[in-house]
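Use these hints to put chain W onto chain E, whose structure you have.
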Amino acid sequence: MQHDVLIVGLNHRTAEVGVREAVAFADEQLDDVNRTLCGIEGVDEAAVLCTCNRVEVVGSTRTGFGVADRIAEFLRVAQSGAARDLAPHLYNYWGRDAVRHLFRVASSLDSMVVGEPQILGQLKQFYARAASVGATGAVLHRWFHKAFSVAKRVRTETGIAGRAVSVSSAAVELAATIFDRLDGKTAMLIGAGKIGALAARHLLGNGVGSLMVTNRTFDRAVELARDFSATPVPFEQFAKYLPMADIVIGSTASTSYVLTEAAIHEALRERKGRPIFCIDLSVPRNFDPRINAIDNVYLYDIDDLGAVAEENRDERNREAQKAEHIVTEEVESFWRWLGHLEVVPTIVALREKMEAIRRAELQKTLGSLKELGPRERDALEAMTSAIVNKILHTPITRLKQGDRRSEAFYIDAARRLFDIEDPDES
Amino acid sequence: MELIFFAISLVLYLVAGVGFVAHLLVGRDGPRRAAMTALWIAFAAHTIGVALRTAALGNAMLNSFHDQLSLLAWLIVGVYLGVQLRYHLAVLGALVCPLAFLLTLSSYIVFSGAQALPEELQTAWLPAHVAPAFLGYAMFAVASCVSLVYLLQERQVKSKRRGLFRRLPSLETLDDLNYRCVAWGFALFTIGIVTGSLLAKAMWGTFWSWEPVQILSVLAWLLYAVLLQTRSVGWRGRRAATLTIVGFALLVVSFLSLNLGLPHGRSFG
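Residue numbers (this note's numbering), protein chains in the order written: chain E, 1 to 426; chain W, 1001 to 1269.
Please note that the accuracy of each hint is not assured.
[Claimed, not checked] Below 35 Å or equal to it, Euclidean Cα-Cα: the simulated DSBU-like pairs (lysine-lysine) are:
{"no.": "1", "chain 1": "W", "residue 1": "1201", "chain 2": "E", "residue 2": "272"}
{"no.": "2", "chain 1": "E", "residue 1": "390", "chain 2": "E", "residue 2": "353"}
{"no.": "3", "chain 1": "E", "residue 1": "194", "chain 2": "W", "residue 2": "1158"}
{"no.": "4", "chain 1": "E", "residue 1": "272", "chain 2": "W", "residue 2": "1160"}
In case anyone wonders, no lab produced these hints; they're calculated from the structure. Keep in mind that this is a model prediction, so the values were computed, not measured.
Looking at chain E on its own, in the form it has when it is part of the complex:
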């Protein structure tokens, strides 16, 4: 019977967070869920994926009929709290579409933030969990491992990952064009604006060693500083501390320039010309735009950063196109393999291969034994046939008797051991 693969589930595109939460499985439930899924009629192998953006059941089957509905029903009743109608949120993919979907998930093409690197690791964990309770077999093994290698190909052959697509990450990316590394650098955050705090958090997360926070209301500065374990600086004195800052972030509600040319010149003098990266995230602007003309001072305002992020987004979309091509290629290759995973054709191929070997060897022997009569020839013919049949008997019986899990495994093994792989695959 032909093997088929399917995926039933929901993700961030089909279900809002409330629904996803309700359906999601807790870590300690996973083993039971995987076991139960395997027990569902028609399901040969199964693995459940459950991240904050998706709950999906990946499976293989040979019956096809009603399997997706039974899995959907399981998802609906599994969480007693979710006695709601999941039908509008659920999708199911079959065959090539399912293969493609898993490859796209692994390559982070289906993620909320395309190109984010975590999903591959998560996928590996969920596969390992399912494998550890024996819920997976030859089909899922090959499918998942193919997905991992597709993801790796996408990562190395396209620039889909590693592009800063938010204003804060663009600030980090730009800082890396000015500074050798961010470790040990000092940043100063002027003002308590939300976006400024976000940028500061990003910089700290990327290695910036220390942060000073200043605000017109000193209490607010102290409060913010506590959040970041930073040093609060009184607003009136921030110019005094300015020379220590390699990166200055402006995020105040001020309508006049907080950072002036004079202040920057003074700071530069004390810094002996070491560069300063000024990030002005406020509207109206906090930093005098003319400071960008000063040597060793680099000023980016929110529009500049936005343009960087936007450009990265465009580039990432172009790279995603390339990634889709890779996925398509790999889907075909996996699909061919799956197509050959059938008992009868495998047995036929096995017999043909053995028969061909028997004939060739017999011809060789008979060719050198011209003196043999027809009786002896027949005897040799019968003997070699008997040997081949005896040798093949057990493997063929096993192939025919394989239960739903071991069958695919045996077929795969037989095709590999006797080298009857699909010719255009090997």
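Frame of chain E, contents of chain W only:
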């Protein structure tokens, strides 16, 4: 015989240069690795060529324009490969390789056997002058390439235009590397100037004779001295990069004045 090795290195410098430029343009790692391999092989071939030439001619090779150009190219590539071990700056290779190619090509064009060295130049002062001076030149040449990259990157960051942007090293890295190259170049060049004047004294009885090569060299030396001094008061970045390039331009003129027949009183510097 040695010409074969020069030819191999000449071709491979071009290959490496193309590889580095391709790496900059497409951002793939393959061309960069190929270029690095080509450059190492080119350097090895060039080393053999220089060694054969030295074995054949001895000190006399220092009197031929061909060998001077070839030595310079060889030293510049050597310095770059040394730098490359610590700083992974493919973009620098994209400048250094064409430079090495042009120098080797010119040396190829002016290839000649060496004339016999004048009697008075048969002195240990000659290599003692040429070795540090040329290594200094090579350091300054690499520093100038670094400065060019700095100016390019600085322009991009300032003007917020993003072209080769992400593939260029950070300004801080470039500035730091420039400083190191200039500092080393300055030390070596200082030795070269001292031994050069001792050589002049030994040959012509005077330390100083107002020749273009001397004047320009000392000017460049002063400029680099100022450059190193003012770093501590904040002359770094763009200004330092520009001065590095100006100083190197002076040295190029001084080197050519020696070899391309500007009036001077001696057959060698």
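Verification of the supplied hints:
1. W:1201 with E:272: violated, 42 Å
2. E:390 with E:353: holds, 15 Å
3. E:194 with W:1158: holds, 26 Å
4. E:272 with W:1160: holds, 24 Å
Violated hint: 1 only; the structure is consistent with all others.
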